[in-house]
Amino acid sequence: MADINPFVILIASIFTSNMILSNFLGMCSFIAVSKEIKTSLGLGQAVTFVLTGTTIINYLVYHYVLIPFNLEYLRFIVFIITIAAFVQLVEMIVERYLPTLYYSLGIFLPLITVNCAILGVSLFMVIRSYSFIQAVAFGVGSGLGWLLAILAMSGIRQKIKNSPVPKGLQGPGITLIITGLMALAFIGFSGIVKIQ
Amino acid sequence: MMTILITVGVISGIATTLALLLTIADVYIANYGEKKIIINDDKELIVEGGSSLLSTLVGNNIFIPSACGGKGSCGYCKCKVNSGAGPVLATELSYLTEEDQRNNVRLSCQIKVKEDMAIEIPEELFNVKQFKGVVEISKDLTDKIKFLRLRITDGQEISFKAGQYLQLTSPPYPGNKDEVYRAYSIASSTKHKDYIDLIIGYVEGGILTTYVHKHLSEGDDVTFNGPYGDFYLQNSDSDMVMVAVGTGMAPIRSILQEMLDKGIERKAVFFFGARSKSDLFMLDEMEMFERELYDFKFIPTLSRPKDEDNWDGFTGRVPDAIADYLEEAPNREAYLCGSAPMIESTVKNLLLKGFTEDKIFYDKFD
Numbered sequence: 001m002a003d004i005n006p007f008v009i010l011i012a013s014i015f016t017s018n019m020i021l022s023n024f025l026g027m028c029s030f031i032a033v034s035k036e037i038k039t040s041l042g043l044g045q046a047v048t049f050v051l052t053g054t055t056i057i058n059y060l061v062y063h064y065v066l067i068p069f070n071l072e073y074l075r076f077i078v079f080i081i082t083i084a085a086f087v088q089l090v091e092m093i094v095e096r097y098l099p100t101l102y103y104s105l106g107i108f109l110p111l112i113t114v115n116c117a118i119l120g121v122s123l124f125m126v127i128r129s130y131s132f133i134q135a136v137a138f139g140v141g142s143g144l145g146w147l148l149a150i151l152a153m154s155g156i157r158q159k160i161k162n163s164p165v166p167k168g169l170q171g172p173g174i175t176l177i178i179t180g181l182m183a184l185a186f187i188g189f190s191g192i193v194k195i196q
Numbered sequence: 001m002m003t004i005l006i007t008v009g010v011i012s013g014i015a016t017t018l019a020l021l022l023t024i025a026d027v028y029i030a031n032y033g034e035k036k037i038i039i040n041d042d043k044e045l046i047v048e049g050g051s052s053l054l055s056t057l058v059g060n061n062i063f064i065p066s067a068c069g070g071k072g073s074c075g076y077c078k079c080k081v082n083s084g085a086g087p088v089l090a091t092e093l094s095y096l097t098e099e100d101q102r103n104n105v106r107l108s109c110q111i112k113v114k115e116d117m118a119i120e121i122p123e124e125l126f127n128v129k130q131f132k133g134v135v136e137i138s139k140d141l142t143d144k145i146k147f148l149r150l151r152i153t154d155g156q157e158i159s160f161k162a163g164q165y166l167q168l169t170s171p172p173y174p175g176n177k178d179e180v181y182r183a184y185s186i187a188s189s190t191k192h193k194d195y196i197d198l199i200i201g202y203v204e205g206g207i208l209t210t211y212v213h214k215h216l217s218e219g220d221d222v223t224f225n226g227p228y229g230d231f232y233l234q235n236s237d238s239d240m241v242m243v244a245v246g247t248g249m250a251p252i253r254s255i256l257q258e259m260l261d262k263g264i265e266r267k268a269v270f271f272f273g274a275r276s277k278s279d280l281f282m283l284d285e286m287e288m289f290e291r292e293l294y295d296f297k298f299i300p301t302l303s304r305p306k307d308e309d310n311w312d313g314f315t316g317r318v319p320d321a322i323a324d325y326l327e328e329a330p331n332r333e334a335y336l337c338g339s340a341p342m343i344e345s346t347v348k349n350l351l352l353k354g355f356t357e358d359k360i361f362y363d364k365f366d
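Top line first, the protein sequences correspond to chains P and C. The letter at position 40 of the first sequence is residue 40 when you use UniProt numbering, and the numbering goes up by one with no holes. The letter at position 217 of the second sequence is residue 217 when you use UniProt numbering, and the numbering goes up by one with no holes.
Calculated directly from the structure, the hints in this document are not laboratory data. This one's a predicted model, so the numbers in the text were calculated from it and none came from an experiment. Just so it is clear, CB atoms sit at the ideal spot from N, CA and C, and this is done for glycine as well. Take the hints with a grain of salt, since some may be wrong.
Unchecked claim - Below, in silico cross-link-like pairs of lysine to any residue (SDA-like), each with a Cα-Cα straight-line distance of 20 Å or less:
| # | chain 1 | residue 1 | chain 2 | residue 2 |
| --- | --- | --- | --- | --- |
| 1 | C | K112 | P | K35 |
| 2 | P | K35 | C | T91 |
| 3 | C | K112 | P | R157 |
| 4 | C | K112 | P | Y97 |
| 5 | P | K38 | P | R157 |
| 6 | C | K36 | P | L89 |
| 7 | P | K38 | C | K161 |
| 8 | P | K35 | C | V88 |
| 9 | C | K114 | P | K38 |
| 10 | C | K114 | P | K35 |
| 11 | P | K38 | C | K112 |
| 12 | C | K161 | C | K114 |
| 13 | C | K114 | P | R157 |
| 14 | P | K35 | C | A90 |
What the hints assert, rightly or not - Away from chain P, derived, C-beta distances all over 10 Å, residues of chain C:
| # | residue |
| --- | --- |
| 15 | I11 |
| 16 | K114 |
| 17 | G229 |
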């Protein structure tokens, strides 16, 4: 088991090993939903919440079900099933008890099911043999990192809304280029901590 | 061997646990209790909350038209919701005009009944009824188009305007797990109130067309509801131009029957488009209409006649036939039925021939 302070993992997964900017995971919703600050914030919160939840559940399932039966190779399919079920459950709860939140991110919730960052975090947690606390820190941190990245992106995109972007680059094109620049900028953090 | 069993067991175990959790959540969390829907400030419905407004209303025998069956892809199920629907959802936006949004018009298939609601729907929708019937005649008109006669067996009578449509229900069958309904134009005369005729084409992979073409046979029970639609024969004495392609023949046949039954004396010409000679049908009936009606001409056009067809009529698409054959004249009415691209290019050509947009009526299907 890697012996890293959970707090270090938390900070690292926000800044130096950011899911979007260093692993380029979860790009589809990152590009699609980063047009407005309000919706990005909503989606970012939802991703953070789901990431935390699924990392915990997947950690338990992996260590207490899959390992005892020597079924580690099933983790891909099992993780996907638990993520899908968890998102469904969250959607139901949000729809019932948090109507305002539901109206602002209702249609994005199902999108999270297929957000690769979620599956990515669960798989990295296994590959890097994290302990429970480390895994939770990693899940929360990755979520916050994702939130930070999409918020920054939506801010930039609102700023350049009226800028003369060349026709072929409008929308996703310029977003990808900005993502690349943001990733370069985030390399500046790499001296602080390192987890991989 | 053991490994396989354990694998299967573990996977099924996990899946079952999650499914169970979701089912329990569905029962307890997604349970909204009884809600009240007030229709047109008059009628009051007590319903079980939680499902879409459309399916809730259908469950209470109020049939709002919906060609796509509640998937949010046709935009027909619009309905005025004055309170209780929450903000407009992103899935509705592409179907609601700005005027719709100002007037509280919503897509009833997308909003859920979660609170008490006040809605407005056109009175005529209350005339829409659900009918039970039996397939009396099912025959092939061409290799892709079937003719169905459905006799109503539950004692009700259907009254509709020539040109309107109804919704036919397909029960679940192997390959289709849900009950699904789709819109089809009525092809029979309005004087027959105990049966209706439909003309249904086969679409590869289409749920209802597959049901009709592969599973339904004479003597089978069917359910349908209707009538719907604002495409019907207008009360006027202008000359008429009718245009249809393939199964678009259905409402036109109903209109022609109506003219025959009521002795309407209007000059009419009917352009009918098909691919090759084997795709033409009901030619003897059209001859009959040409003989019996006051002044009616049937002009079939083939877009791709085969060599053996020996086709000496018009070759090309219907809009081209109109551009070639039709003379310019004012004050005519046009009745079009067919696919969206056909309608669009036909309307364009009709406008060049002196038609005005308010006199062009059409029934577009996708």
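Here is how each hint holds up against the structure:
1. C:K112 x P:K35: With a Cα-Cα distance of about 27 Å, the restraint between C:K112 and P:K35 is violated, given a limit of 20 Å.
2. P:K35 x C:T91: holds (17 Å)
3. C:K112 x P:R157: violated (33 Å)
4. C:K112 x P:Y97: Holds: C:K112 and P:Y97 sit about 14 Å apart, inside 20 Å.
5. P:K38 x P:R157: With a Cα-Cα distance of about 12 Å, the restraint between P:K38 and P:R157 holds, given a limit of 20 Å.
6. C:K36 x P:L89: violated (27 Å)
7. P:K38 x C:K161: violated (50 Å)
8. P:K35 x C:V88: holds (19 Å)
9. C:K114 x P:K38: Between C:K114 and P:K38 the Cα gap is close to 25 Å, so the pair fails against 20 Å, i.e. violated.
10. C:K114 x P:K35: Measuring from Cα to Cα gives roughly 30 Å; hence the hint is violated.
11. P:K38 x C:K112: violated (24 Å)
12. C:K161 x C:K114: Distance ~36 Å between C:K161 and C:K114 Cα, so the pair is violated.
13. C:K114 x P:R157: Since the Cα atoms of C:K114 and P:R157 sit roughly 36 Å apart, the hinted pair is violated (cutoff 20 Å).
14. P:K35 x C:A90: Distance ~14 Å between P:K35 and C:A90 Cα, so the pair holds.
15. I11: It is violated; C:I11 is separated from chain P by about 7 Å at its closest Cβ, not greater than 10 Å.
16. K114: Nearest chain P Cβ is 7 Å from C:K114, so the label is violated.
17. G229: holds (31 Å)
In terms of the numbered hints stated before, the structure departs from hints 1, 3, 6, 7, 9, 10, 11, 12, 13, 15, 16, listed from lowest to highest.
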